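Undergrad: Chain by chain, the residues:
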Amino acid sequence: MPAELLSADEKDALQELMNISFGVASSIISDSLNSFSTMPLPKIDAMDLPQLEAYFDEKFRGITQCYIVTQLFRNRFDGESVFIIDDDSAMRLSSLLLESDELGKEDVQASVLEITNIISSACIGKLVELLDAQIFFNPPVIESTCHIGESVLRLSKREGMEFTKVIIIETKLEFETEQITGYLLFLTKESSFVWLKEALGRFLDDL
Amino acid sequence: MQNRIFLNSLNHGVIILDTDLRVRFWNAWLCAYTGVEVDPDAGSRLDVLFPEVDVRTLKRKIKNALTLKTPSFIDASVSHYLFKIPVDKITYSSFEYMQQNVTIAPYDLEAGLVSLMIYDQTPLLEMKQRLMGFNRELEQRVKAAVEENRRKDMLLQQQSKQAAMGEMISAIAHQWRQPLNSIYAIAQDFEDAFEHGEIDKEYVSEISQEMSNQIDYMSQTIEDFRNFFKHNRSKVYFSPVETVKQVFVLLSSQLKGSTIGYALTNDLPKEGKLFGYENDLKQVLIILINNARDAIVAATQKGVLSHGGGNVSIHIKDGENGETVILVMDNAGGIDPKNLEKIFEPYFTTKPDDKGTGIGLFIARRIIEGQFDGTITAENTADGAMFILRLPHREA
Numbered sequence: 001m002p003a004e005l006l007s008a009d010e011k012d013a014l015q016e017l018m019n020i021s022f023g024v025a026s027s028i029i030s031d032s033l034n035s036f037s038t039m040p041l042p043k044i045d046a047m048d049l050p051q052l053e054a055y056f057d058e059k060f061r062g063i064t065q066c067y068i069v070t071q072l073f074r075n076r077f078d079g080e081s082v083f084i085i086d087d088d089s090a091m092r093l094s095s096l097l098l099e100s101d102e103l104g105k106e107d108v109q110a111s112v113l114e115i116t117n118i119i120s121s122a123c124i125g126k127l128v129e130l131l132d133a134q135i136f137f138n139p140p141v142i143e144s145t146c147h148i149g150e151s152v153l154r155l156s157k158r159e160g161m162e163f164t165k166v167i168i169i170e171t172k173l174e175f176e177t178e179q180i181t182g183y184l185l186f187l188t189k190e191s192s193f194v195w196l197k198e199a200l201g202r203f204l205d206d207l
Numbered sequence: 208m209q210n211r212i213f214l215n216s217l218n219h220g221v222i223i224l225d226t227d228l229r230v231r232f233w234n235a236w237l238c239a240y241t242g243v244e245v246d247p248d249a250g251s252r253l254d255v256l257f258p259e260v261d262v263r264t265l266k267r268k269i270k271n272a273l274t275l276k277t278p279s280f281i282d283a284s285v286s287h288y289l290f291k292i293p294v295d296k297i298t299y300s301s302f303e304y305m306q307q308n309v310t311i312a313p314y315d316l317e318a319g320l321v322s323l324m325i326y327d328q329t330p331l332l333e334m335k336q337r338l339m340g341f342n343r344e345l346e347q348r349v350k351a352a353v354e355e356n357r358r359k360d361m362l363l364q365q366q367s368k369q370a371a372m373g374e375m376i377s378a379i380a381h382q383w384r385q386p387l388n389s390i391y392a393i394a395q396d397f398e399d400a401f402e403h404g405e406i407d408k409e410y411v412s413e414i415s416q417e418m419s420n421q422i423d424y425m426s427q428t429i430e431d432f433r434n435f436f437k438h439n440r441s442k443v444y445f446s447p448v449e450t451v452k453q454v455f456v457l458l459s460s461q462l463k464g465s466t467i468g469y470a471l472t473n474d475l476p477k478e479g480k481l482f483g484y485e486n487d488l489k490q491v492l493i494i495l496i497n498n499a500r501d502a503i504v505a506a507t508q509k510g511v512l513s514h515g516g517g518n519v520s521i522h523i524k525d526g527e528n529g530e531t532v533i534l535v536m537d538n539a540g541g542i543d544p545k546n547l548e549k550i551f552e553p554y555f556t557t558k559p560d561d562k563g564t565g566i567g568l569f570i571a572r573r574i575i576e577g578q579f580d581g582t583i584t585a586e587n588t589a590d591g592a593m594f595i596l597r598l599p600h601r602e603a
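Residue numbers (the numbering used here), protein chains in the order written: chain A, 1 to 207; chain B, 208 to 603.
Incorrect hints may appear among the rest.
[Claimed, not checked] Listed below are the simulated DSS-like cross-link pairs for lysine-lysine, each with C-alpha atoms no more than 27 Å apart in a straight line: (1) B/Lys524 <-> B/Lys480; (2) B/Lys442 <-> B/Lys408; (3) A/Lys172 <-> B/Lys276; (4) B/Lys452 <-> B/Lys463; (5) A/Lys105 <-> B/Lys489; (6) B/Lys276 <-> A/Lys197; (7) A/Lys105 <-> B/Lys291; (8) B/Lys368 <-> B/Lys489; (9) B/Lys368 <-> B/Lys452; (10) B/Lys276 <-> A/Lys11; (11) A/Lys105 <-> B/Lys270; (12) A/Lys197 <-> A/Lys172; (13) B/Lys442 <-> B/Lys489; (14) B/Lys524 <-> A/Lys105; (15) B/Lys442 <-> B/Lys524; (16) A/Lys189 <-> B/Lys276; (17) B/Lys477 <-> B/Lys524; (18) A/Lys59 <-> A/Lys105; (19) A/Lys59 <-> A/Lys11; (20) B/Lys549 <-> B/Lys509; (21) B/Lys452 <-> B/Lys489; (22) B/Lys276 <-> A/Lys43; (23) B/Lys270 <-> A/Lys172.
[Stated by the list, open to error] Away from chain B, derived, C-beta distances all over 10 Å, residues of chain A: (24) Ser7; (25) Glu10; (26) Phe36; (27) Ala46; (28) Pro50; (29) Glu80; (30) Arg92; (31) Glu106; (32) Ala110; (33) Leu113; (34) Glu114; (35) Ser121; (36) Glu129; (37) Ala133; (38) Thr181; (39) Ser191.
Hints are computed from structural coordinates only; laboratory data are not their basis.
Quick caveat, the model's predicted, so the values are computed rather than measured.
Every residue gets a Cβ at the ideal spot worked out from N, C-alpha and C, and that includes glycine.
Work out the full structure, taking the sequences as your base and the hints as a guide.
TA: Here's what the structure looks like:
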């Protein structure tokens with residue numbers, strides 16, 4: 001567990017920074033959608049790449065038709081956001097964002113892409129900004145609109161060429177009254193976690 | 208000034224907008240592609256210049272970019288364009304308007320300005336559309352080929368069944384010969400008995416019982432054959448030993464008629480059960496036994512095998528991986544080694560034209576692989592040919 005590699009102070013600092021960044025994300029999404037959303041504080045986990053497939057299968061068992069959107073972020077904190085939302089939630093999310101009930105497939109796709117970008121930018125962008133660093137985002141991409149297992153398999157195999165261990169930051173976006181639930185995972189490489197630890201150290205020194 | 212020169216040299220569109228969508232900069236690429244010149248000091252609004260702009264969405268994305276200090280995006284593959292720029296090509300294009308990826312990035316946070324980078328994705332999306340078209344065509348062709356193969360398989364299966372039916376009719380004729388002879392003999396005996404005044408109640412009862420036995424036997428023969436051809440497509444658990452016994456009963460008269468001996472040995476440690484279509488396994492065994500019979504008859508005619516020396520034996524045992532193994536063996540000298548690789552191909556036969564169609568072993572392999580997930584192979588022993596059926600145990 002990478003969190004165990006952090007000192008008590010570093011853990012407190014990370015908790016505080018995530019509180020702020022995830023709070024910002026939640027607030028912007030609520031504002032954009034004119035509806036109250038929640039994002040619980042994320043869980044951090046680490047695993048070997050081959051375990052990732054089983055993790056996804058276990059985590060998302062039961063979800064069949066869904067959108068899987070990924071977005072790369074690059075610099076010292078390097079990785080990929082994954083937003084997973086089932087079809088029904090995606091449709092309701094799109095209705096809120098576009099304020100319309102007459103939506104085509106492309107409207108839903110555009111909405112899911114936009115929300116992924118907001119979440120990535122807010123959560124990761126803000127966290128990195130608070131640590132006084134810069135980050136660059138690729139446009140989000142819809143990886144799949146099919147069954148989750150197949151897509152995740154493709155995802156993990158492709159990424160496996162580059163790194164062996166992944167750090168997972170996991171939370172979910174919920175609009176309780178509208179029955180919308182989307183899962184957020186930020187996958188980063190070990191080297192990024194090393195940077196995160198160093199940056200937290202500097203952040204604590206500046207306090 | 209340097210910035211302006213740089214932005215005008217770029218091979219994509221650059222706009223600087225404020226939060227009211229007023230155009231503060233419009234680069235040369237956009238002038239060229241839209242034919243619209245924009246004076247940055249005139250305060251022209253993008254949604255006035257291009258009424259199709261989705262104002263609400265664009266304003267929301269601008270606001271998010273400025274708040275989050277990170278870019279927002281418009282994806283050409285789902286949103287197509289920010290505003291209409293005709294493709295205007297001489298050669299064919301599937302798109303009327305340029306497909307645009309747009310990156311909306313914070314430019315001046317204090318002044319509330321964002322930059323819009325517009326990238327032409329039309330060629331890429333055209334290629335994607337063409338690929339999707341190729342894929343659809345390929346899928347249709349594969350589907351048609353699969354359907355054609357299925358149709359051919361059904362035809363082959365039908366031909367094989369008809370061939371088996373011919374064999375069966377011949378077998379019925381053999382099976383009935385003996386009871387018919389018996390009934391004929393009873394009829395003659397009845398006539399003699401009448402002439403000699405030997406008919407009494409006891410005699411009639413005895414004759415009646417004997418004739419009933421023979422007729423029952425004939426009736427049972429018909430029932431056995433009817434069961435074999437019955438179209439029963441439900442999978443069941445069945446004993447391979449009983450299946451082999453039933454097939455030997457069906458073919459016994461023919462084998463005996465050709466003075467061919469037959470035997471079944473069973474080494475299964477307990478009563479084995481297979482799951483599947485029992486009649487399909489019967490069909491395979493009939494194909495193999497009939498092939499063995501033809502080979503023995505041919506070997507006898509050539510003098511390779513003595514008359515009455517032919518033998519078909521079936522041995523059943525457990526395989527190394529827990530599967531049921533059925534060995535079908537003859538002593539007709541074996542298969543020419545150069546043909547061993549080809550015997551399961553459709554229409555391959557070494558028999559004379561009037562004897563073989565070359566579909567029997569092809570169908571046998573289809574059934575074993577397709578219906579039982581098993582394998583069928585052939586090899587030569589010291590005396591003849593041996594077909595090895597490996598049938599894995601499956602749950603219902």
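Undergrad: Compare the structure with each hint and give your call.
TA: Hints and how they fare:
1. B/Lys524 <-> B/Lys480: Between B/Lys524 and B/Lys480 the Cα gap is close to 12 Å, so the pair holds against 27 Å.
2. B/Lys442 <-> B/Lys408: Answer violated: B/Lys442 to B/Lys408 is near 51 Å, above 27 Å.
3. A/Lys172 <-> B/Lys276: Holds - the C-alpha atoms of B/Lys276 and A/Lys172 are around 23 Å apart, at most 27 Å.
4. B/Lys452 <-> B/Lys463: Cα-Cα ~15 Å, so holds.
5. A/Lys105 <-> B/Lys489: With Cα atoms ~53 Å apart, A/Lys105 and B/Lys489 exceed 27 Å; violated.
6. B/Lys276 <-> A/Lys197: 24 Å, holds
7. A/Lys105 <-> B/Lys291: 21 Å, holds
8. B/Lys368 <-> B/Lys489: 11 Å, holds
9. B/Lys368 <-> B/Lys452: At roughly 20 Å apart (the allowed maximum being 27 Å), B/Lys452 and B/Lys368 satisfy the hint.
10. B/Lys276 <-> A/Lys11: Holds - the C-alpha atoms of A/Lys11 and B/Lys276 are around 26 Å apart, at most 27 Å.
11. A/Lys105 <-> B/Lys270: With Cα atoms ~25 Å apart, A/Lys105 and B/Lys270 stay inside 27 Å; holds.
12. A/Lys197 <-> A/Lys172: 24 Å, holds
13. B/Lys442 <-> B/Lys489: 14 Å, holds
14. B/Lys524 <-> A/Lys105: Distance of about 59 Å is beyond 27 Å: violated.
15. B/Lys442 <-> B/Lys524: Holds - the C-alpha atoms of B/Lys524 and B/Lys442 are around 22 Å apart, at most 27 Å.
16. A/Lys189 <-> B/Lys276: Satisfied, since the Cα-Cα distance of roughly 24 Å is no more than 27 Å.
17. B/Lys477 <-> B/Lys524: 10 Å, holds
18. A/Lys59 <-> A/Lys105: With a Cα-Cα distance of about 26 Å, the restraint between A/Lys59 and A/Lys105 holds, given a limit of 27 Å.
19. A/Lys59 <-> A/Lys11: 25 Å, holds
20. B/Lys549 <-> B/Lys509: 24 Å, holds
21. B/Lys452 <-> B/Lys489: 10 Å, holds
22. B/Lys276 <-> A/Lys43: 25 Å, holds
23. B/Lys270 <-> A/Lys172: Holds. B/Lys270 to A/Lys172 sits at ~24 Å (cutoff 27 Å).
24. Ser7: 29 Å, holds
25. Glu10: Check passes; 25 Å lies beyond 10 Å.
26. Phe36: A/Phe36 clear of chain B: closest Cβ-Cβ about 18 Å, beyond 10 Å.
27. Ala46: Answer for A/Ala46: holds, closest chain B Cβ roughly 26 Å.
28. Pro50: A/Pro50 is indeed farther than 10 Å from all Cβ atoms of chain B, at 28 Å.
29. Glu80: 15 Å, holds
30. Arg92: It holds; A/Arg92 is separated from chain B by about 18 Å at its closest Cβ, greater than 10 Å.
31. Glu106: 5 Å, violated
32. Ala110: The claim breaks: A/Ala110 does not keep its Cβ more than 10 Å from every Cβ of chain B (closest is about 5 Å).
33. Leu113: 6 Å, violated
34. Glu114: 7 Å, violated
35. Ser121: Given that some Cβ of chain B is not farther than 10 Å from that of A/Ser121, nearest at about 4 Å, it is violated.
36. Glu129: At roughly 7 Å from the nearest Cβ of chain B, A/Glu129 sits no farther out than 10 Å, so the non-interface label is violated.
37. Ala133: 13 Å, holds
38. Thr181: 22 Å, holds
39. Ser191: 22 Å, holds
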